[in-house]
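Novice: Here's the letter readout for the chains.
There are 8 protein chains.
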Amino acid sequence: MKPKITIILGSSSDYKICEKTINTLEKLKIPYDVKVASAHRTPQKLKYQVSKATEEGTEVFIGIAGLSAQLPGIITSYTHKPVIAVPVDVKVGGLDALLTSSQMPFPEPVATVGINNGVNAAILAAQILAVHDKKVKERLISMKKDFYEKIIKSEEEITEKIK
Amino acid sequence: MKPKITIILGSSSDYKICEKTINTLEKLKIPYDVKVASAHRTPQKLKYQVSKATEEGTEVFIGIAGLSAQLPGIITSYTHKPVIAVPVDVKVGGLDALLTSSQMPFPEPVATVGINNGVNAAILAAQILAVHDKKVKERLISMKKDFYEKIIKSEEEITEKIK
Amino acid sequence: MKPKITIILGSSSDYKICEKTINTLEKLKIPYDVKVASAHRTPQKLKYQVSKATEEGTEVFIGIAGLSAQLPGIITSYTHKPVIAVPVDVKVGGLDALLTSSQMPFPEPVATVGINNGVNAAILAAQILAVHDKKVKERLISMKKDFYEKIIKSEEEITEKIK
Amino acid sequence: MKPKITIILGSSSDYKICEKTINTLEKLKIPYDVKVASAHRTPQKLKYQVSKATEEGTEVFIGIAGLSAQLPGIITSYTHKPVIAVPVDVKVGGLDALLTSSQMPFPEPVATVGINNGVNAAILAAQILAVHDKKVKERLISMKKDFYEKIIKSEEEITEKIK
Amino acid sequence: MKPKITIILGSSSDYKICEKTINTLEKLKIPYDVKVASAHRTPQKLKYQVSKATEEGTEVFIGIAGLSAQLPGIITSYTHKPVIAVPVDVKVGGLDALLTSSQMPFPEPVATVGINNGVNAAILAAQILAVHDKKVKERLISMKKDFYEKIIKSEEEITEKIK
Amino acid sequence: MKPKITIILGSSSDYKICEKTINTLEKLKIPYDVKVASAHRTPQKLKYQVSKATEEGTEVFIGIAGLSAQLPGIITSYTHKPVIAVPVDVKVGGLDALLTSSQMPFPEPVATVGINNGVNAAILAAQILAVHDKKVKERLISMKKDFYEKIIKSEEEITEKIK
Amino acid sequence: MKPKITIILGSSSDYKICEKTINTLEKLKIPYDVKVASAHRTPQKLKYQVSKATEEGTEVFIGIAGLSAQLPGIITSYTHKPVIAVPVDVKVGGLDALLTSSQMPFPEPVATVGINNGVNAAILAAQILAVHDKKVKERLISMKKDFYEKIIKSEEEITEKIK
Amino acid sequence: MKPKITIILGSSSDYKICEKTINTLEKLKIPYDVKVASAHRTPQKLKYQVSKATEEGTEVFIGIAGLSAQLPGIITSYTHKPVIAVPVDVKVGGLDALLTSSQMPFPEPVATVGINNGVNAAILAAQILAVHDKKVKERLISMKKDFYEKIIKSEEEITEKIK
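Listed in order, the protein sequences are those of chains A, B, C, D, E, F, G and H.
Quick note on numbering: our numbering labels position 154 of the first sequence as 1409, and the sequence is numbered without any gaps.
Quick note on numbering: our numbering labels position 32 of the second sequence as 1287, and the sequence is numbered without any gaps.
Quick note on numbering: our numbering labels position 151 of the third sequence as 1406, and the sequence is numbered without any gaps.
Quick note on numbering: our numbering labels position 17 of the fourth sequence as 1272, and the sequence is numbered without any gaps.
Quick note on numbering: our numbering labels position 148 of the fifth sequence as 1403, and the sequence is numbered without any gaps.
Quick note on numbering: our numbering labels position 18 of the sixth sequence as 1273, and the sequence is numbered without any gaps.
Quick note on numbering: our numbering labels position 155 of the seventh sequence as 1410, and the sequence is numbered without any gaps.
Quick note on numbering: our numbering labels position 114 of the eighth sequence as 1369, and the sequence is numbered without any gaps.
Rather than coming from a laboratory, the hints here were simulated on the basis of the structure.
Predicted model, so just to flag it, every value in this text is computed and none were measured.
We put the CB at the ideal spot given by N, CA and C, even for glycine.
Don't take each hint at face value.
[Said to hold, decoys possible] The calculated SDA-like cross-link candidates involving lysine to any residue, where the alpha carbons are at most 25 angstroms apart (straight line), are: (1) K1389(D) with E1281(D); (2) K1271(E) with G1348(E); (3) K1302(F) with Y1403(C); (4) K1282(A) with K1399(A); (5) K1400(F) with P1286(F); (6) K1300(E) with E1404(B); (7) K1275(A) with K1408(H); (8) K1271(C) with Q1299(A); (9) K1284(H) with E1415(F); (10) K1399(E) with K1290(G); (11) K1257(B) with K1290(B); (12) K1257(G) with H1387(F); (13) K1392(D) with H1335(D); (14) K1300(F) with K1399(G); (15) K1399(A) with K1302(B); (16) K1284(E) with K1405(E).
[Claimed, not checked] Here chain B is said to cover these stretches of chain A; the calculated rule only asks that three of the stretch's residues, wherever they fall, bring their Cβ under 8 angstroms from a Cβ of chain B: (17) 1258-1266; (18) 1294-1303; (19) 1355-1362; (20) 1369-1380.
Only chain A is shown next, with the shape it has when bound in the complex:
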């Protein structure tokens, strides 16, 4: 199946964050692809990958990067699709990557989620697909319901503990 979401890692060391994104997309049955391409180290490769993925039907990009996390911003230069950033904590608690990702100038926004929060990137991507895709929407609603039940269960466990 053709990927609807293309995840690009700034470095293979960001894979641990990416795994959380992948697991969530798997649960939501959304086809995805994963690439490694640095904004500065392999700019031509990145441009090619983004252009090709856009042509082949990618609807949302997710850029995962730490430090001066310019990857998501550069992806926006090569596509008109929405780009989500996951700032990765490598130094200074991830504040560098958070500021680099979010403080993009006009007219190239990057949709920044929380530091290391690979799961939320997947959910946000799914929400964007769900604007027009009812099946994804239903799976999102179902995922939240499961989560709600987990919270009820963890409350019960805590209630047990404090008795």
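On the provided structure of chain A, position chains B, C, D, E, F, G and H as indicated by the hints.
Specialist: For chains B, C, D, E, F, G and H alone, kept in the frame of chain A given last:
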């Protein structure tokens, strides 16, 4: 025309940021609506507005708020549509609003753009619509092209200055 | 005995902080209840819990949450009782949770104590009860006295060490 | 009428923040007193004022101070009543005062509200009184209602503007 | 004369910082060129400018940009020449631009100077040229000497004042 | 011998930092005393200790404290002797303690040294004594000389390594 | 009269902060000298000034500098006298200068006071002199007394206002 | 062979960062020298080393230091060669060293690279040499190519993993 984007302000004092969002949406000919509703001060009103807007066809929400900018996060509680946050600089340079907006827990992401960057919120919302709406996509491409021409012009002006 | 203090955790992972609150309330013989309910993930449940606890006699709420720690702020939307926040250090040293908790807009204050400081939340809650409850006041005074004696003892130990 | 709330300013230059606290307490018809006494500059005076106010029936203290805002912390040394801090922005955006106020060690909590947020200090103090004082509670509910109506009005104004 | 230094502005609004760079280069008689090209908004133009400038003899690049100041980092993708960054204070005191500029990953360093410090960018560029260009070296030494004399004069003025 | 320096710890958990101060004072043969007394938890004890130490000949105080590190500031309220602060890293990297220690208002300065830097507090105290005490001055000069020799040795070791 | 305190400014633009230091020293009748000498720009001059001032009887140095405020640290390289730093707010709220001043390594402490707090530098210097100089001690006590009376007066004024 | 790059460590504990610089320079076959000399602790030694290295042909200096990382700034006082700073994370995530290194005043720039990023310091130094040294330039291009191939390989590995 039915609004595709619903902008919600945490306070009427955030209107100056909102104006930039509105102007950009106007240029892109995307129908929108603007509400004022605080996450904490009028939670019932907020819930009602978000639910109703979702039912009536809003595809993307934009929450504009400063300080402990919880508004965008609360909007996500009441809808499955993507929610964009514009952190507003009221205190500490807007870092409080940036952290509150972006650091949302699983599974409720907020797509955070730059501090006070009402324009980028509009562009991001348009990119999300453009996934399935060719007309919006074309207008986005055209807007970027205009912008590119402005940059060429401003370079010419600077080249004049430094002669 | 009916709980006078209701502690709400944003996530079951915040339980380690909560334990310190519980231990202190136990020593002060103040009846309490513990719930798990997320501001965004289970908003209806949270609203129900806060409203019910308020009706059943809770006099002070304590919200324990990390990241974009919106839980205490949302509790204030559903009650007129004072709400205490314990910001939890999950990322960036807890600065995100501290700013989200404290920077609440008018007219919805949250009484923020130190990062991870579950004990101080219990003491502050007890001080609020003690405004009208002499027994709690006496136990607070006695607890401080015990603590004072501990400090004297630790000074003696240090004096021994440096001889 | 005997003051139920004692406001202490670290410096007369903090009066501009205090005025907002006073105005809110006036609206809520809560008797208050205002003092100026520095934690370091006049420690004996501060001790005397806090002890005397506690004896004469003060139920909540509000300390308003900037920079190394130690005033609220020192007030807690001399009373068992709850102490609210308003961190004032004098330098570094008020982050120094926010951290000094909130990061108090065990067992001396300070209930910290937002930077410069004198109004929220008044509301929090009123919420504490309202635990046992029905009249204050009613006035708080009424104040929020008024505020809610203001928000509706400001939304109408904005709706007018964007037509 | 062919430019040895190419200054690229992220936006024409950064021109005020650039003027300080230009004035210093003029004093040092180093030929330069000034361009406006955004990392994200006009990536192809930027690539073309950097490649062409490199071919035509530019020895050092200076990127001046605020917010998520990715411009200097992107310049390094298209050249093997050293790239200097001047972070511009647009929001949060320029900390966003400072972190984005300096925290570049391996193997694409950016030589970051102080926030808004357009003069130091010129001096650093001149120091790099001076490694092999004796005339630039002599002019640098002479410029420092002039500056030293200014400091002596300003001390004399202050000595006068405090008499 | 009567102590010339009185070290006061905010908590016995700060002893690990204090040990470095003590070791340095021992090397400099400066008599000292160590106390544990919290600014908020045992204010009367602190006042008594500071007043008594001042009377008995203490010439410099060193306050070691973390979090809202108010101890050094309170010491200044009870003495006219210089007070040195060592901010301890307990949370947020010690930035809270650094800001609380340094940002003291007029006219109660605290001489703040680096985070956890118990050695520098001892050196600074010795420098103050050395203003009028030649023996301490000689020992300081000798200590620096020893240190200089250590650096030469560590350079030799590194030179060996990189051969 | 020979200066007991030598104030060194990193730049003549720091004079506005220095004036507050001078005024306080004048009130305390402590002879002082003021120099301008940059740590980096005129290192030889700085070394000469510090050595000479030390020989001629300066007992305390005060370094006033912004940005990367290395001046006070460099002064400590050339003298065994205590060195006080006043971090000046030029950028990022003065946090750069505060961190540079306070985070000095072993064995070269700098006694850092609050950002822009030229007055506290003078008081701290006077406290150091007062260790052995009774007259300075008496004037310090008298200055605090005057200040105490001012606070009483400002309280009276505020009491008038709120009637 | 005469060193073209002189690396100076503020402390032998910074050697772990320096090793990464050395390894990169070895790969690029650039002759270098390593010294240990503190800006404050051995200022005369530092001055001598920098002057001598400059005379003997060093073209670029690299200063590696943590905390109040004044070493690179002081190196600029004694040479007209470009100076690169590697801020080392010892406290507060290395923000102190980053600000001290980058925020240098006019006319003494320091070319600051990322926190702990010893590799990028080597690359930047090589880029500066490569302005006039074709062999270094070729080796830089070759090193990037190797790196590019590594990225392709790590993508293949990740592609394997997610199958």
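Novice: Against each hint, give a clear statement of whether it holds in the structure.
Specialist: Evaluated hints:
1. Distance restraint check for K1389(D) and E1281(D): the Cα-Cα separation of roughly 17 angstroms lies within the 25 angstroms cut-off, and the hinted pair is therefore satisfied.
2. Of the pairs offered as hints, the one joining K1271(E) and G1348(E) holds, with about 16 angstroms between alpha carbons and a cut-off of 25 angstroms not exceeded.
3. Note on K1302(F) and Y1403(C): the hinted pairing holds, with a Cα-Cα distance of about 15 angstroms set against a maximum of 25 angstroms.
4. Simply put, K1282(A) and K1399(A) have alpha-carbon atoms about 12 angstroms apart, close enough for the 25 angstroms limit, and the pair holds.
5. Between the alpha carbons of K1400(F) and P1286(F) the distance comes to roughly 22 angstroms, so the proposed pair stays at or under 25 angstroms and holds.
6. Of the supplied pair hints, the one linking K1300(E) and E1404(B) holds, its CA atoms being roughly 11 angstroms apart against a limit of 25 angstroms.
7. Between K1275(A) and K1408(H) the alpha-carbon distance is near 22 angstroms, which keeps this suggested pair within the 25 angstroms criterion.
8. For the proposed pair K1271(C) and Q1299(A), the alpha carbon gap of about 48 angstroms is over 25 angstroms, so the pair is violated.
9. Taking the CA atoms of K1284(H) and E1415(F), the gap is near 20 angstroms; set against the 25 angstroms cutoff, the hint holds.
10. At roughly 19 angstroms between alpha-carbon atoms, K1399(E) and K1290(G) fall within 25 angstroms of each other, so this suggested pair holds.
11. Among the hinted pairs, K1257(B) with K1290(B) is consistent with the structure: their alpha-carbon atoms are about 15 angstroms apart, no more than 25 angstroms.
12. At roughly 17 angstroms between alpha-carbon atoms, K1257(G) and H1387(F) fall within 25 angstroms of each other, so this suggested pair holds.
13. A hinted pair counts as satisfied when its Cα atoms are at most 25 angstroms apart, and K1392(D) with H1335(D) qualifies at roughly 23 angstroms.
14. For the hint pairing K1300(F) with K1399(G), the CA-to-CA distance comes to about 23 angstroms; that is within 25 angstroms, so the pair holds.
15. This hinted pair checks out: K1399(A) and K1302(B) have alpha carbons roughly 18 angstroms apart, not beyond 25 angstroms.
16. Under the criterion of a C-alpha separation no larger than 25 angstroms, the hint pairing K1284(E) with K1405(E) is consistent with the structure, at around 21 angstroms.
17. Here's how the stretch 1258-1266 of chain A fares: 0 of its residues keep a CB closer than 8 angstroms to some CB of chain B, so the rule of at least three is not met and the hint is violated.
18. Coverage of the stretch 1294-1303 of chain A by chain B is violated. Counting CB-CB distances below 8 angstroms, 0 residues qualify, and the rule asks for three or more.
19. Using a Cβ-Cβ cut-off of 8 angstroms, 6 residues of the stretch 1355-1362 of chain A lie near chain B, which meets the minimum of three, so the contact claim holds.
20. Note: the stretch 1369-1380 of chain A has 8 residues with beta-carbon separation from chain B under 8 angstroms; the three-residue rule is met and the coverage holds.
In summary, the structure is inconsistent with hints 8, 17 and 18 from the numbered list given earlier, while agreeing with the others.
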